[in-house]
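Q: Since the structure of chain A is provided, determine the placement of chains B and C on it from the hints.
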Amino acid sequence: MATTTIDRATGVKEAIAACCDGALLSATQPSPDTLQFAIEKTVMRAIVASLVDNFEARFLISVGTDKRPITGDFAVSHVFSLDHDHLYVLLESPVSEKDPRIDSITEVIPGADWAEREFRDAIGVHPDGHPDPRRLLLADDWPEGVFPLRKDVPYNYQPPRAENVRPQMREPPAGASVLPIGPFFPVLEEPAYWRMFVEGETVVGCDTRIFYNHRGIEKLGESALTYNEIPYLAERICGICGFIHSTCYCQAVEKAAGIDVPRRAKYIRTIMLELERIHSHLLWLGIAGHIIGFDTVLMQIWRIREPVMWLCEEISGNRKTYGMNTVGGLRRDLPDQIKPKLLETLAAVEKEAIAVRNAIVGDTTLQARTKGVGPLTHEWAKKICAVGPPARASGVAIDARIDHPYAAYDEVPPRIATQEAGDTWARVLVRVAELLESIRLVREALLALPQSPIRAEIKEDIPPGRVGVSVVEAPRGEAIHIVLTGGHNRPYRWRVRAPTYPNLQALSAMVAGANIADVPITLGSLDPCFSCTERLETVDPRTRKVRVYSRGELLEISRSRTRGGGAR
Amino acid sequence: MTLWLIKTSLFCLLNVMIALFLSPLCEGIMRKLRAALHSRFGPPITQPYWDLLKLLGKEDLRSTGGIVYALMPAATLASVLLLAALVPMGVAAPLAFAGDFIVVLYVATMSSVLIMLIGFASASPYASIGSSREMMMLLSVEPILAVALCVGAFKAKTLALVGIVNWQEQNGPSISMAIAGVAFFLALQAVAGKLPFDIAEADQEIMGGPLVEQSGPRLALIRWAMWAKQLVLAFLLVEVFFPWPHFGTGLDLVATLVKVLMVLVLVMLIDVVNPRLRIDQAMGYFMRVGVSSLAALAFAVIGK
Amino acid sequence: MFLSKLREALICLKAGRVTLRYPFAPREPKPGFRGKITIDADLCFGCGGCANVCPANVIVVSDAEQHTRTLEFYWRRCTYCGRCEEVCPEKAIHLSQQFETATNAPEDMYMRLKVFMGPCQRCGRCFPPPTVLDRMMKTGFREGLRGGNV
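Chains as they are written, first to last, in our numbering: chain A, 1 to 568; chain B, 1001 to 1304; chain C, 2001 to 2150.
Excised from the complex, chain A in its bound form (with noise of 0.2 Å):
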């Protein structure tokens, strides 16, 4: 298996170093599975074209680092995957700092859009030629020209406060009415603004602003944690798919440092991502139902998901922030005495859930609300790049457990689940198939634990200027962390792309002409997580600033509003 990707490896690289010609400034391939191409900016745009319509290769997400300390310039780098190939390619460009910009590909691939404007609102490196270039990530009183991932600002840094600043937002078109879903939404539960224009009862456009709780992860990685203490901040990037999140980034830093993790490890790490799926699908399940009104669904299918976060407690000491991962391996091993009640449980689990599935099979009411709701056409799921449940409801069958197989899933391999509808229903279904699927690897994995240790042992710091990417099949989708190694006991740049990133971006097209009753169900069916694909500013508690707002005050703000012309 070894060396037939390495074989591929040397000779895709070969072809995409020809296509590059006079512009390739290097080659070189960090990992059996990694390639990285510096090239010339200028030829950015063509290069893209022409790994997307010769490869196949598929678009995750774009860095910008700021490598002035090293190499005197900003870097912008497209991240592809070439699914059939297991590869991953890094497109890197240095850009200079008197030419802070860089050729958009957001025409090219239309899913880039969002990560473009990230580059550009973290790093300053304006992508030319973007078709919508507001800001993402950035509060609308942020400062301009103060771009917080570049290496001169520190990361408790608290700008000034400005007053009465708004996002821009699209107006509606002639005869439509605006309809804002959110940032406050009951279906919500992170806020995001969505601006939708409505006629009547149908929805004819969608503008939306998002990234209310950016929490500056990423910059905190860099800059005030060790490569040990990043698992716990990973952990809480997401509260659904922590361990998701820690595992990846410790599996980027382990392909970056070359270290070995035991192989209990690998199966114990298979283990709590497949039960993390099953309590994530179990819980999206009950939610779908809340969304359409169908509480019993939610009450029921939470009452069979209650005893695997009982299991997760005993297990890991905690429902859901596990702090089981640690660079090199775990730091808590899976006792051998919960092997049998994790049977049982999953056991119950699968019954009960074979049984609702059964009995929502033939509920026409729910069917009417899901079937055809939402539709997510295979075309512009792949455009979009989508990933996760909602691409493989549209029968795009990507899952980073076969494309690029970690932890023990090379020798536990799963089934992946798939439509051809690309609905709501079609979502549910995957999703229900994948949650049994998902037990069945648990006990798979059980079957085949291995005795060894749980953790490799570290001797050596890790060396500084190695990249390591690393995807994981979060329940959303693929959730992918590149980190590149750096001096002091961290790392020099983190990047975390979670999987709702690119499905959100999705949304607008499947909500176009629809009715607003159906959006929520939509919205839901993706099953966002906006904490995952907002990483929030953080407050410094050693200042302790906090602003109270009094009751008048609020009063006064909200009857303003009102007065001002209704809802914005």
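These are calculated hints, taken from the structure and not from any lab test.
Label-pair restraints from in silico Cβ distances: (1) A/96 - C/2112: 50 to 58 Å; (2) A/145 - B/1074: 55 to 63 Å; (3) C/2020 - A/71: 56 to 64 Å; (4) A/145 - C/2023: 49 to 57 Å; (5) B/1215 - C/2019: 22 to 30 Å; (6) A/338 - B/1265: 39 to 47 Å.
Calculated cross-link-like contacts (lysine to aspartate or glutamate; reagent style DMTMM-like; alpha-carbon spacing at most 20 Å): (7) B/1032 - A/295; (8) A/341 - C/2028; (9) C/2030 - A/344; (10) A/341 - A/352; (11) A/320 - C/2028; (12) B/1194 - A/295; (13) C/2005 - A/295.
Backbone N, C-alpha and C fix where the C-beta goes; we use that ideal spot for every residue, glycine too.
A: Using the frame of chain A, we list chains B and C on its own:
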């Protein structure tokens, strides 16, 4: 004359008291049933009383000025209590008179229209959408109530509700009245604002619909009006369409209460096992129910 | 359709009521639960290893007074990761089973521990024994000590 006045006002008071003070208890029982089907314990059955007390004690925030807007929630509750006085509950209605079933239909519509107006008076887009949905539901559901009662009027050859009830008691069940009863029940599901038809107040989709800006005492009165309405219409359903067994004594009130409770339990059971329909789907559904209730009219014409 | 509704209703009824009566009945967490930190002041000898590894900077060590090392614990930021428990050579710091940590008194979230230390004979400042520090440096924890504490 004065005896008649005293008797009427006493019975009026009885009906109004039942509508006012029994309806939170019925709502509490329904919530408890819903909780049991959700595999949880749920609040105590007296919870709605505590909810009302809490809301009545809060600040009265109004988003629009004017005396009309200020009085709307009270007017909603008043219209439902008027309806309660017109509907027989175990005995003849205190305000019964010839032709009163048409008045009943109008008064039943009044509270829905008032809630709609409250929604339109709010500045929120959610309230406007909720009110327009309420309007569409009203247009779909009220004709069914009218047709069902018309079937009864046709068979009894009288426009007085008490006449219809008496005719039913004497003549026993019939096909047309059974179909009309089922149609009325389905319309009750929508009027009571229960799933699958709680579209106007869909809180997951439009943040509470017409009531999004109501809080404190205004919300208390409106909620009370909604609970009272579902109870009163359940009484109407039971009295007009299923008045058997008939004792002719005070036991009638108890029997009616038991039947009303059964109807409300059935309403809740249907609520628990259904998701919410979209407004166009609901309107299509009620169109079909309307056609079936016209079939009931046809049966009544041919004498069945 | 009615059959599926019936099936759904049966699933609900068969389950019965499963919600716990908490807080009217106690809810014990499973063994191994990572709850609030407890410190045995008699065992702690002030090495500061816990302060070194805490990702949330909950523990602050200072040597303001002679012969005494002060450890301050700001519990409100604790993320219950358990690194302090892992590192402590004397097993003085320990994650208990307590999860009911809500309070509206900020003093509950703060603790100060003063440990009498052996001073250096030349400069008079306190120092932890070198062997413990050396051990910690090797196992991949934060490189270097926090400025001003040694």
